[in-house]
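*Asks:* Protein chains in written order, with my numbering: chain A, 1 to 602; chain B, 1 to 249; chain C, 1 to 167.
It is worth saying that the hints were derived from the structure and are not from the lab. Be a bit skeptical, because a hint or two may be false.
[Unchecked claim] Taking beta-carbon pairs under 8 Å as the criterion, some of the chain A residues facing chain B (in silico):
{"id": "1", "residue": "Y313"}
{"id": "2", "residue": "R314"}
{"id": "3", "residue": "L350"}
{"id": "4", "residue": "S360"}
{"id": "5", "residue": "R372"}
{"id": "6", "residue": "Y476"}
{"id": "7", "residue": "R482"}
{"id": "8", "residue": "Y484"}
{"id": "9", "residue": "V488"}
[Claimed, not checked] In silico EDC-like pairs for lysine to aspartate or glutamate, Cα to Cα no more than 16 Å straight-line:
{"id": "10", "chain 1": "B", "residue 1": "K204", "chain 2": "B", "residue 2": "D125"}
{"id": "11", "chain 1": "B", "residue 1": "K204", "chain 2": "B", "residue 2": "E191"}
{"id": "12", "chain 1": "B", "residue 1": "K204", "chain 2": "A", "residue 2": "E5"}
{"id": "13", "chain 1": "B", "residue 1": "K204", "chain 2": "A", "residue 2": "E346"}
{"id": "14", "chain 1": "A", "residue 1": "K493", "chain 2": "B", "residue 2": "E191"}
[Stated by the list, open to error] Part of the chain A face toward chain B, derived, beta carbon under 7 Å:
{"id": "15", "residue": "L172"}
{"id": "16", "residue": "I375"}
{"id": "17", "residue": "R376"}
{"id": "18", "residue": "H568"}
In this text, a Cβ means the ideal position worked out from N, Cα and C, and glycines have one as well.
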Amino acid sequence: MSDREEIASAEGQNGEQEEIPPAPTGFLRRYVFSIDHKVIGRQFLFLGLGFLAIGGLMAMLIRWQLARPGAPVPIVGKLLFGPSGGVISPVAYTALFTMHGTIMIFFAVTPILIGGFGNFCLPLLIGARDMAFPRLNMASFWTMFAATAILTASFFVPLGPPEAGWTAYATLSTTIGAPGPGQTLWVVAIYLNGASSVMGAVNYITTVLRMRAPGMTYLRMPLTVWGFFLTSILNALFVPVLAAAMVLLFFDRVLGTQFFIAGTTPGAGGDPILYQHLFWLFGHPEVYILILPAWGIVGDLLAFFARKPLFGYRVTVGALIAVVVLSTVVYGHHMFTTGMSPLLGESFMLLTMIISVPTSLIVFSWLGTLWRGAIRMATPMLFCLGMVFTFGVGGLTGLYLADITADIYLHDTYFVVGHFHLIMASALLMSLFAAVYFWFPKMFGRMMNEGLGKLHFWLTFVPLNLVFMGQLVIGYEGMQRRLYDPSVYDFLKPLLPLNRGISHAAYLLGAAQLIFVVNFFGSLARGARAAANPWEVGTLEWTVASPPPHHNFDQIPIVVRGPHELSHPAARALGRDWLGQAEVIETVPAPEPTAPTSTEPA
Amino acid sequence: MHIVLPRDASLDGHLVDGAIGYLTLTTGIAFAAALAFLLAAIFFHRAHARRTRGQHTHGNRPRDRALMFTVALVMFVAIDVTLALRTSRDLESHFWRYPDADPNALRVEVTAQQWAWTFRTAGPDGRFGTPDDVVTLNELDIPVGHPIYLKLRSRDVVHSLYLPNFRTKIDAIPGMTTRIWFQATEPGRFEIACAQHCGVNHYKMRGLLTARLEPEYRDWLARAETDSRLRYDPAAPATTGAWDWETGK
Amino acid sequence: MTAAPTTASRRREIDAQVGLVIFLGATAMLFAALLLAYAIVRSQAPSWPPAGVPPFPRGAAAANTLALVAASWALRRGAPRAALAFGAAFLTAQALLWRHLVAIHLGPSAGALGEVFFALSALHALHVLGGLVALTLTGVRRLRLLTIYWDFVLAVWVVVYVAVCLL
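So that you can see chain A by itself, here it is in the shape it has in the complex (with noise of 0.2 Å):
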């Protein structure tokens, strides 16, 4: 139907405008104790950044040990180890990949992109005025809080932090393995940590369940909506069970249970494979909860920046979707060796494989988008790309875990380093930079310096795949994880030329970051001011001024078309390429064209 004819049936049934809601007043209530999504959002995206910060100098860390065993580190090294004169002990080893692994996941990413961005954006996506439970939003972000607090207390107790790897396997880590209370706060923290991450999840959900703007129906979404909803989902399916699997261990540690303690502890009989479970029936899913987000965002941007739709909207969803469903029935690909029975272990292998037929189906979308745009190489389109490429080849070494018989050599070696580092560090991470610098106007009102921004990229890209490519190198060569000094093998000595090399490109790759910082902090103070629409597209967040006010619409829009009507025919009776998912036009649009018409000879 025509847009008018659609304005007229959703006012029918839009009953009564919401009334605008006073602004808060005092610093208290509109900076620190605020119930705005847009708020809560900065806050989130505030702590998450500083996390990731402090998540990559331990990666550093771990980075010149595993390149100079035993020296001591530069700068630094005196003032973190100074017990052991500045080198890195393997007590603090084991403690930087477990807080590395622990940050980077529940303190870093999760905050930035869900807490973050989906809170910032998924009211203003969706035409609403804020999340369906505001006070629950605050809540989530002072819970979040917490743990970080309780996550940074297990630094300073006695026995240090704890030392189990972010996985945390029993009975590494009952009191067995980690008799400190270290340990006991870090599983305090994930619990706090996933209590946040569900109060969001019946948040988004309900949000997008029950405040869509009139004629936002389900596949006028923007794609970045579907990624959080979807997201939101399994979080609020899965994070129970990681809150299970904390809360037997937290009994085991301090209340004498031994669901996991087995062993030579008489009358032992606890299962520490039951933990395994536990923990991997959240553990699989948890990936596809940090990527979702992910694939919605660089769906809608890459559709954005190449000036077209995004080619098979319904089949990505469909894809999405399937992708949701099959994530809950893998896990088990991650305890290949643990002497599963054969018939289990062929199951997971079957099922890990069939979810490559969506994920490729997402990626055809993304080269079907490119494929005839008008691309523009804008700093967030640079860093889609080059999401799209790593993601190409992580995802692709994903396969090489789902097959038993190469798993069974490629498990727990820097393959699977390799691995989810390209997916989780490189595509996510180069996502979650699209995301700031698409989305960085909006938020703060500036804009980011595009020089910055592209030196930036070039200067990740390139490091972060030689990083993490390399691990995939030296992963195939037979390395393993979580190894203090690799040099105590014989056959890993060969390696360190190639370790030192990683350990390069990570320490460029860190360095390269501060360009971000600069960029980040300057274009706050001083960056240009940021126009209501800058990219020309037609998501509802870029109707508002940048940033928008307290209320976000002034009037609920109207939607009446989808997310991604660029190049569009009838927008260029208005001497643009776009059309707003709001915006109302005389004529009715073509119809679908079967031949291109309106672009230029390719």
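Mind docking chains B and C on chain A? Use the hints.
*Replies:* Same frame as chain A, now just chains B and C:
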């Protein structure tokens, strides 16, 4: 830069190498094709003075979907299905064919602990936990050309026995007995590593596997059995790292 | 989309119910995971109930159920303060039950049955406590939501009781 797998000294390791090789070839082709497409799109379809609009299609037409699904399914069959069938076959006829009934197999009980490996063979009486067992610390001595059948337990946390030159690893889990089998095809000294984070000295949990040809192995075994009888101490805790092979007690 | 316009407060009421249902789904997954742990612990135990443990005081545990039933009933009758009392009574009774279980060597550190019952009932009790807090803070204003929540809490207890004490 020479990128090589560790030397393969095993009977079935080539199956692992073959799977990895097949994956590298097929995913390499797929990735190269996708990358070519990506680069072509970036180079030829960039915005410039003569290219200001993209093609306004949603990719929803039947032929668009047919293309996407066809490529996805072709990749799935060529890469995943082929590999899965091959792996199933390899698992069932090699890796999971434990030599329970093979009189030539050497049975070894492995006890993992923080941070060492104890290896025990049954000795001439064929029973574990008796004074004639040969018990070695961090050293595993095997004959070439015989199946080596390991059963593993752990005293404390999860460890993982990793033999890079035999392309295999298996976890040792407290409260459970796991198992693995392999066979050496050449003599030599090969390293044993721990592949599951097991505490602060995980990196030092190294062992040495020595594979000897039959005659040399028999010589070694005779010396080792004499040593064991001389050194046997009924009060030593070494006897606790032993269990009945069949019943697990 | 509904045909007739709805008031803002009615919409928010439904929003809250939707949110609560999602939260209960998440909570159900927590208990499902704990029940999975119970199933695995039990399947690997040499016998069940484990050898050498005294019989589980099913009667006492069953009696506590009545307090929860009474709480749900009270809410349906529009008496949140009575429900609060019944909920508090349940928690008190559970605490006494735990003390008794520890005394007869069925506490959390006394083997498989003790630890399973404790883990499930402790997490359940935490949710009862949360329900009491919600009751105190919202009282009459959110009767419908509270009723849904307390019915859920009762249902979880029944499942736990049947799974651990009867089966």
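*Asks:* Double-check R372/A for me: the hint is only fine if its C-beta lies closer than 8 Å to a C-beta in chain B.
*Replies:* 4 Å, holds
*Asks:* Taking 8 Å as the limit, does the beta-carbon of R314/A come near enough to a beta-carbon in chain B?
*Replies:* Nearest chain B Cβ about 6 Å off; hint holds.
*Asks:* Does Y313/A hold up as a contact with chain B if the rule is Cβ-Cβ below 8 Å?
*Replies:* Result: holds, 6 Å to nearest chain B Cβ.
*Asks:* What's the verdict on K204/B and E191/B, does the C-alpha distance respect the 16 Å limit or exceed it?
*Replies:* 12 Å, holds
*Asks:* Would you mind confirming whether the straight-line C-alpha gap from K493/A to E191/B stays at or under 16 Å?
*Replies:* Within the cut-off at roughly 12 Å; holds.
*Asks:* Please verify that hint: H568/A, Cβ, nearest Cβ of chain B, below 7 Å or not.
*Replies:* With Cβ-Cβ at 6 Å, under 7 Å, it holds.
*Asks:* Going by Cβ atoms only, is I375/A closer than 7 Å to chain B?
*Replies:* It holds, given that the least Cβ distance between I375/A and chain B is near 5 Å, below 7 Å.
*Asks:* Given the hinted pair K204/B and E346/A, is their Cα-Cα distance within 16 Å?
*Replies:* 33 Å, violated
*Asks:* Quick check on the hint: Y476/A CB to chain B CB, less than 8 Å?
*Replies:* Interface hint status for Y476/A: holds (7 Å vs cutoff 8 Å).
*Asks:* Given the proposed pairing of K204/B with D125/B, does the C-alpha separation stay at or below 16 Å?
*Replies:* Violated, because 34 Å separates the two Cα atoms, which is more than 16 Å.
*Asks:* Can S360/A be said to touch chain B, with a Cβ gap under 8 Å?
*Replies:* 5 Å, holds
*Asks:* For K204/B and E5/A, compute the direct alpha-carbon distance and say whether it is at most 16 Å.
*Replies:* Status violated; Cα separation ~74 Å.
Checked against the numbered hints given earlier, the structure breaks hints 10, 12, 13 and satisfies all the rest.
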